[in-house]
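Hey, can you piece these two chains together into the complex? The hints should help.
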Amino acid sequence: MTTLYQFGLIMVVLMISQIIQTELNLPIPGTVLGMVILLGLMVFKIIPLKLVEKAADVLIRHLSIMFVPIGVGLMTVAYLMEGHILALFIVLGVSLVVVMVTTGLSVQILIRYMEGRRGDK
Amino acid sequence: MMEYLNTPVFGVTLTIIAFMIATWTSKKLRIQILNPLLVSIIIIIGFLSLTGIDIETYNKGGSIISFFLAPATVALAVPLFRQWELLKKNLVPILVGISFGTIMGILSILILGKVFGLGDLLISSLLPKSTTTPIAMEISNMLGGNPSLTVIFVFATGIGGYIVGDKLLRLFKINNSIAKGIAIGTASHAVGTAKAIEMGEVEGAMSSLAIGVAGVITVLLVPLIILFIN
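Each protein sequence line maps, in turn, to chains A and B.
Position one of the first sequence corresponds to residue 8 (this note's numbering), numbered consecutively onward.
Position one of the second sequence corresponds to residue 8 (this note's numbering), numbered consecutively onward.
Honestly, the hints are just simulated from the structure, not real lab data.
Mixed in with the good hints there might be a few duds.
[Stated by the list, open to error] Taking beta-carbon pairs under 7 Å as the criterion, some of the chain A residues facing chain B (in silico):
id: 1; residue: 26
id: 2; residue: 55
id: 3; residue: 71
id: 4; residue: 80
id: 5; residue: 84
id: 6; residue: 91
id: 7; residue: 98
id: 8; residue: 113
id: 9; residue: 115
The structure displayed is predicted, hence computed values, not measured ones.
Cβ coordinates follow ideal geometry from the N, Cα and C atoms, glycine included.
For reference, chain B alone in the conformation it holds in the complex (with noise of 0.2 Å):
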C-alpha cells in the first residue's frame, strides 16, 4: 500500500477532495468559522492521523499544490491595476493611512508579544498576519517565523475583521467610505474583504487595494522596523 501512497499522486488528490468536501459543507452550513480552508486542513490533518500516513508522504503531492502560491502572488498585480485610477485618486490619505496603521499593528505585536513571552519564533510568525496569506508566509519566513503558524494566525485575523469590522468602524466614527474600506482590507485582507464588499461598493473596493498596498507597505516596513528595534 505505501508505495502507491509514496507518489505526488496520493497527496494531490487527497487535497482537492479534502477541498471539495469543505467546500460543500461550508456552503451547506453557512457558517463563517467554517471556511473551506479551515476545514480542508481539519479534514487532512484528521485523515494523516487515523491512518499514520506521515505528514512527508502528504507533501510529496501537497507542494506541488503549494507550489501554485508563487504565481499567484505575482497575479495579486492584476486585482491591484484595476484599482489603479482609485489609488492614484486618493493616493495621499491611502498610503499614510495604510503605512501607519501597518506600523501600530507591528509595534503592538512586538510590544505585546514581550509582554506575554511569546518568544522570538511566535512573534516572527504574528507580525505579518494582517497581510493576504501568500505574502504574510513570504514575509514569516523571511523572519525566521512559521510558515503554517502565520496561514493560522492571518486566518484568524480575517474571521475577526469580518465579525467585528463593522461595528469597531461605527463605535470609532469612522464614517467616510474610502476610510472604512481602506481600514477593513489592511486589517483584515481579503476574508474581511466580504465584509466591505456587503457594506457597499466604495467599500469593497477599497478594501481589495488596500489588501495589495497593504501588503508592499508590510513587506518594505517589517525590516526598517526590526533593524530600528534591534
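Only chain A is shown next, with the shape it has when bound in the complex (with noise of 0.2 Å):
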C-alpha cells in the first residue's frame, strides 16, 4: 500500500476511536484511544504491521515541527507563570526526580524478586 492509502487507514482508525470517545464519553483522549486501537489491531493480527509503518513513520519523523504552532500559543499565555517560574522549575526538577527513581528502583527491586523466585525452583 502507498504511504497516502496507509495514512488514510491511520485516519480511520482515528475517526472511529473519536467516535466511540463523544459516544461512550470516556475520559480518555480519541486519539490515545486511536493508538491503543491500533495497537489492538496489529498485536491480534488483524492489521499486518506493514500496512500502516510507511506513514506512520513519516508522521513520527516530523513530530516535533507538529508542536510549533502549540508552542507559539505561549505567546498569549506566559503571563499566566509570571511569579511562579521559580515554583514552576523546583516543582518539575522534584516531580522529575520522583518519577525516575521510583519507576526505576521499583522495576529493578521486581525483576530481582522475580528472577530470585525463578531461582529457587
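In C-alpha cells:
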C-alpha cells in the first residue's frame, strides 16, 4: 500500500476512535484511544505492521514541527507563569527525580524478586 | 500586505522556514537546550512580535501543521508494537514500575503545586509533563490545562531527564539495564530516550517502549487520581 493509503487507514482508525470516545463519553483522549486500538489491531494480527508502518514512520519523524504552532501559543499565555517561574522549576525538577527514581527502583526490585523466585525452583 | 498574510500559506511557510533555520542552528551549535522545537518557537514568536502580525493570522497556517498531531499520536502504536515482544517478556515489572512511578509523579505535582500556590490551570498543565508531547497535550486539554504551557513543561522535563538521568540512576544504584531504560522513558519521554540510547541497546529499547506505555497509563490514572482526591 502506498504511504497515502496507509495514512488514510490511520485516519480511519482515528475517526472511529473519536466517534467511540464521544459516543461513550470516555475520559481518555480520542487520539490515545486510537493508538491503543491500532496497537490492538496489530497485536491480534488484524492489521499487519506493513499496512501502516510507512505512513506512521513519516508522521513520527516529523513530530517535532507539529508542536511548533502549539508552542507559539505560549505568546498569549506566558503571563500565566509570571511570578511562578522559580516554583515551576522546583516542581518540575523534584517531580522528575521522583518519577525516575521510583520507577527505576520498583522495576529493578521486581525484576530481581522474580528472577530470585525463578532461581529457587 | 495583510491580505497575503491572512491565508494558511503564511503560517505554514513561516513554520517550515523557522524549523529549517532552527534545525540547522542546532546541528551547528550542538547545545542540547537549543533543540529545533524550542528555537523555532523563539524565531516565530520573535518574528510575530517584531512585525506586529497577530497570532490568529499565524494560526490559520499553524493549525494545519499541528493538525497532523492527531494521526501522529495514533501512529505511536507502531514503535510500541515493534517493542511488543520485549514488553511481554517483562510485563509485570514494567507495568507495575511505570504505574507506581506515574502515580508518584502525579502526587508530587499535586502536593508541590498546592504548597507553592500554583493554581488549577498551572497544575493541570503540569500533570502530564512526563508523557510524550501529543499525549500530554490531550491530557492537559482534558483537565482544563493549557496545551501551550504543557508543551514547554514537557520539553523542560525531557531536557532535565537527558541531563541528569545518567547520574541520578547511578546515585540511587539503579543499574539493571531494563530498569534504567524504563525509568528514563517514563520520566522524560523521547528527549530523555536519546540519553538512554547512548547508554546502551537494552536501555534505548526499554526507554522507547516506556514512552507509549507511560502515556497510556497516565491517561488512565490521571482522571482516577483526580476523582479520588476530590
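The hints, checked one at a time:
Violation of the interface hint for residue 26 of chain A is found here, the shortest Cβ-Cβ separation to chain B being roughly 14 Å, above the 7 Å cut-off. For residue 55 of chain A, the shortest C-beta to C-beta distance to chain B is roughly 10 Å, which exceeds 7 Å, and the interface hint is violated. With a cut of 7 Å, the hint placing residue 71 of chain A at the interface with chain B holds, because the nearest CB-to-CB distance is about 5 Å. Restraint check, residue 80 of chain A versus chain B: the minimum CB separation of about 4 Å is within 7 Å; hint holds.
Below 7 Å, beta-carbon pairs count as interface contacts, and residue 84 of chain A has one with chain B at about 5 Å; its hint therefore holds. Checking residue 91 of chain A against chain B by beta carbon gives a least distance of about 6 Å; that is within 7 Å, so the hint holds. Among the interface hints, the one on residue 98 of chain A holds; its C-beta lies about 5 Å from the nearest C-beta in chain B, closer than the 7 Å criterion. With a least beta-carbon distance of about 4 Å to chain B, the hint placing residue 113 of chain A at the interface is held under the 7 Å criterion.
Given hint, residue 115 of chain A at the interface with chain B, holds; its Cβ is 4 Å from that chain's nearest Cβ, closer than 7 Å.
Of the numbered hints stated above, those contradicted by the structure are hints 1 and 2, listed in ascending order.
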